[in-house]
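Participant: Read off the chains here:
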Amino acid sequence: QQQVKQSPQSLIVQKGGISIINCAYENTAFDYFPWYQQFPGKGPALLIAIRPDVSEKKEGRFTISFNKSAKQFSLHIMDSQPGDSATYFCAASSLSGGSYIPTFGRGTSLIVHP
Amino acid sequence: KAGVTQTPRYLIKTRGQQVTLSCSPISGHRSVSWYQQTPGQGLQFLFEYFSETQRNKGNFPGRFSGRQFSNSRSEMNVSTLELGDSALYLCASSRDGTGYEQYFGPGTRLTVT
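Chains as they are written, first to last, in my numbering: chain A, 1 to 114; chain B, 1001 to 1113.
One chain only, chain A, in its complex shape:
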């Protein structure tokens, strides 16, 4: 059972365009939602994260939109650049034993053409 559904699996955009990746979850115990960026041969790196008490968070060209009632959240990358080409993972985390444990989406491979 896939607890966090991520789409699309792959995405191709032109330089300067907007990249949008969507995630949905079922478990209402999730209350921390980070996004990770992973380049080939590297481990994932935290990009941006949001708590469910806010509907949007922006950091530079990256924005998370969060819809608590729909149990959906999305990553928007504005003015996409070739250097943004990577795999992006959403995660939904729940608190356990004092730590947030993530459940990851399957990932989106983003290619930004120059």
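Hints were generated in silico from the structure; no laboratory data involved.
In this text, a Cβ means the ideal position worked out from N, Cα and C, and glycines have one as well.
Any given hint might turn out to be false.
Unchecked claim - Some chain A residues close to chain B (C-beta under 8 Å, calculated; not the full set):
| id | residue |
| --- | --- |
| 1 | Gln37 |
| 2 | Pro40 |
| 3 | Pro44 |
| 4 | Leu46 |
| 5 | Gly83 |
| 6 | Gly97 |
| 7 | Arg106 |
Chain B: place on chain A using the hints.
Facilitator: Relative to chain A, chain B alone:
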């Protein structure tokens, strides 16, 4: 400041053998988590250690185990290797153990033949 380091980076083992992977967290970080990444199952949580204690464990068989030392370095062990254990094993550390900001290492690529 040095990042999370994992050794070895690549490993080839035979079915039935056991393997030990090592992780050195960022200096000052007290929590270490381990993840398995495969094309089929994606990124999955294995376990988390904080101050030498396992606080959380993912849904993996008992063949997967780990430990954390007093200097926060961690090891994970997989016994009786199966072909399906072939994966990238990632270690992540965080300073305060809340899981808010985790820093991942480059991973160990394990191939089981």
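Participant: Identify every previously stated hint that the structure contradicts and give their numbers, smallest first.
Facilitator: Structure breaks hints 1, 2, 5.
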